[in-house]
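Number of protein chains: 2
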Amino acid sequence: MPELRKDPIIGRWVIIATERGKRPSDFVSEAETTRGGFCPLCPGNEDKTPSEVYALRPEGSKPNTPGWSLRVVKNKFPALVAEKKLERGRTGVYDWMDGVGDHEVVIETAQHNARLSDLEVKEVEDVLWAYRDRICSLKGDSRFRYVIVFKNYGAAAGASLEHSHSQLIALPIVPKRVFEEMEGARTYYNYHNKCIFCDIIRQELIAKVRIIEEKNGVVTLAPFASRFPFETWIIPEAHSSSFEEMESYEGLAQALQGVLRRMDQVLDDPPYNFIIHTSHFGESQNEYYHWHLEIIPKLTKVAGFEWGTGFYINPTPPEEAARYLREVST
Amino acid sequence: MPELRKDPIIGRWVIIATERGKRPSDFVSEAETTRGGFCPLCPGNEDKTPSEVYALRPEGSKPNTPGWSLRVVKNKFPALVAEKKLERGRTGVYDWMDGVGDHEVVIETAQHNARLSDLEVKEVEDVLWAYRDRICSLKGDSRFRYVIVFKNYGAAAGASLEHSHSQLIALPIVPKRVFEEMEGARTYYNYHNKCIFCDIIRQELIAKVRIIEEKNGVVTLAPFASRFPFETWIIPEAHSSSFEEMESYEGLAQALQGVLRRMDQVLDDPPYNFIIHTSHFGESQNEYYHWHLEIIPKLTKVAGFEWGTGFYINPTPPEEAARYLREVST
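Sequence order for the protein chains is A and B.
By the count of our numbering, the first sequence reaches residue 1127 at its end, each step adding exactly one.
By the count of our numbering, the second sequence reaches residue 1127 at its end, each step adding exactly one.
Just chain A, with the same shape it has in the complex (with noise of 0.2 Å):
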């Protein structure tokens, strides 16, 4: 059973795998496990994958059979177990809990070489309405505080799978980052009775500079203090609080695969992770927090000066990143 625990100085908590642990030679190869050979996540291989809890397949099909066009099975190797009862405790300073939580992989298409950003537009959206569908099936474990969805793409960006998938976690606790962000635009909120984000956009229009797209509701751009090079965000004009309470994915979806398609012309097919930026279930709907979805190519690497201080160098400045990805055609 994973643990976690919590870093008593910093409030910090990190998973540890308590059973499974790497030896210092399962270290040694671990890119090379990524391309080539046999693929669990294709159609035929359903019975390599635990039972699907999400599939779009042809009315009348059997679940874990070909046909699918899309599937969400719970993950293999999860970091975090479900099966149960969170038991919490201290031993001296250290403060540590059950690693419980659930972890779930969305196969995004059955194509295995068709990336995200290949798909259609409906394709795209399908795979946010999977989201959508997973986080609110999730919200009704009282166990669970957050949802967090991301993606990795790419070896360089963590993934250890080429087919294209996306992921899922289900947390026990909120995580510092989202807390921090969420008390940041609280404390703004409290302040200005506006919700920063809505207050960003307003801005980031009327200057244009950082804007890469304006288009159905959704406003893609480079954020004013970037961390890395072309990192992008998506979120809605409208103020929404949670990405599960949206009532279209389908303004999103163009968004998303729009801005994938013009990164893989200025950038070449880069790596990259992207995370939803949502609300906690405690608080839901709010007037202050305003989701959206970060997208960060994997150009640079993060060295100790980040690691030491919390913050980033950026060699490229987001007015230049968000021209370039604005002048290509998608």
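Think of the hints as simulated: they come from the structure by calculation, not from any bench.
Treat each hint with caution, since some may be false.
Identical copies carry no separate label here, and so any pair may be met within one copy or between two of them.
[Unchecked claim] Heads up, simulated DSBU-like pairs for lysine-lysine below, C-alpha to C-alpha not over 30 Å straight-line:
hint, residue 1, residue 2
1, Lys-1098, Lys-936
2, Lys-819, Lys-1005
3, Lys-1098, Lys-973
4, Lys-871, Lys-845
5, Lys-1098, Lys-819
6, Lys-991, Lys-973
7, Lys-991, Lys-936
8, Lys-819, Lys-1012
9, Lys-845, Lys-919
All of these numbers come straight from a predicted model, not from anything done at the bench.
The hints should help you fit chain B onto chain A, whose structure is shown.
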């Protein structure tokens, strides 16, 4: 002139290189620059670096000529620049300031092929004294609030030059990460009237499961909530709030050289970062914060989950990491 920009939501600062911004094509072969060819840090090439600000060299020998065993120079491509008066400003919701600071490179040895772990204890001690001397000197500049000292070893850990070196960056602001750590320690102190690091050392020396070495008043351990496999902290046993106020660096040099040699054996010359965590200039001497050095071998990739949540999945329990490192001889 680089620019410091503040994220308006969570208050994180970012350094944006506004002048020689990297274009998309600059990212393609970044990892290639490390090996082979001309080395600007080698003896005989003193004119290829900015003028030295500190050196260990034979009495009577001229600055910027060969013969030195350690040399500190200004960084030729600094992340922040030293020349200007510090201007600050606000544009709508955004805060920024001039990228004023200082950036120095510590060339740890004259030998191109010697790693820090290959040096004698006395030579490692010289490196630590050089850090101390430069911190004390930069502390005299009233624009600066903190000096971060760090080392990137190996291309995967962000090193762009092969010749063994570390870096110092003087900053006009206290980084968020440093501030959080000091505030966390202060909160504990206010409640318990004790330093949390002193309490951690006490508890770890009794439990013994995460201790790698205890020798000459210095403890080397794997922290309870390790973010990364084989993450290691070196902490002086006696309470000390600032690195630069130590009276001796011999025990620390032994611990650092020792644990790097252990990692070398267990992990086969791993890339790593180390960072000195010390009090900011405003509170150099205090009872609540305990300076220490954190070493992070670069064995796994940070991916979407970590970026999104600010917390980490560590596949190697620190108890196992400590056992591996303890069991090899140095």
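message: Which constraints among the numbered hints does this structure fail? Numbers only, ascending.
response: none
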